[in-house]
Amino acid sequence: MAFDATFWAFVGLVLFFVILVAMKVPGTIGAALDKRAASIREDIENARKLREEAERLLADYQRRATEAKSEAASIVEAAKREAAALSAEAKARIEDYVARRTKMAEDKIAQAEAQAIQEVRALSADVAVAAAETILAARTKGAEADRLIDASIASLATKLN
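My numbering numbers the first residue of the sequence shown as 1 and each following residue consecutively.
What the hints contain is simulated information worked out from the structure, not anything from laboratory work. Here the structure is a predicted model, which is why all the values come from computation and not from measurement. One should not assume that every hint holds.
With a straight-line cut-off of 25 angstroms between C-alpha atoms, the simulated BS3-like cross-links for lysine-lysine are [said to hold, decoys possible]:
(1) Lys91 with Lys80
(2) Lys24 with Lys35
(3) Lys103 with Lys91
(4) Lys80 with Lys69
With these hints in hand, go ahead and build the complete structure from the sequences.
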């Protein structure tokens, strides 16, 4: 029989598959593929767990960032209220200081006016006494003049004070 090359190629191929089956190569390949598939499933599961953990961490950080913003806003608001209170207190102190200084200046002015009036009265009294003395001295002469001058000076001093 004349077998052609195709037949021998087919026989060789069948023998090759029989040897492969006899050596349990398909089972070994299947086990290796199953092992690889399990490894890939495990990697996917680990990646899913890592993603869930990353999402939890992201949510936690976002919550913390929101809390920090809220706290910062409350701190700024408290600082503004404190600054306004300090400003109002400083304004009240300045107004009180100005009022006290104004009152002191007015008191000094009133005291100076009173002192000036008193000095003018004293000077007027001295001038009036001197003028009266001069006039009486010119009109009256002798002992009568002396008596009138002394009486006038004594009564004038008691009337002015």
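Consistency of the hints with the structure:
1. Between the alpha carbons of Lys91 and Lys80 the distance comes to roughly 16 angstroms, so the proposed pair stays at or under 25 angstroms and holds.
2. This hinted pair checks out: Lys24 and Lys35 have alpha carbons roughly 16 angstroms apart, not beyond 25 angstroms.
3. Of the pairs offered as hints, the one joining Lys103 and Lys91 holds, with about 18 angstroms between alpha carbons and a cut-off of 25 angstroms not exceeded.
4. Between the alpha carbons of Lys80 and Lys69 the distance comes to roughly 16 angstroms, so the proposed pair stays at or under 25 angstroms and holds.
In terms of the numbered hints stated before, the structure departs from none.
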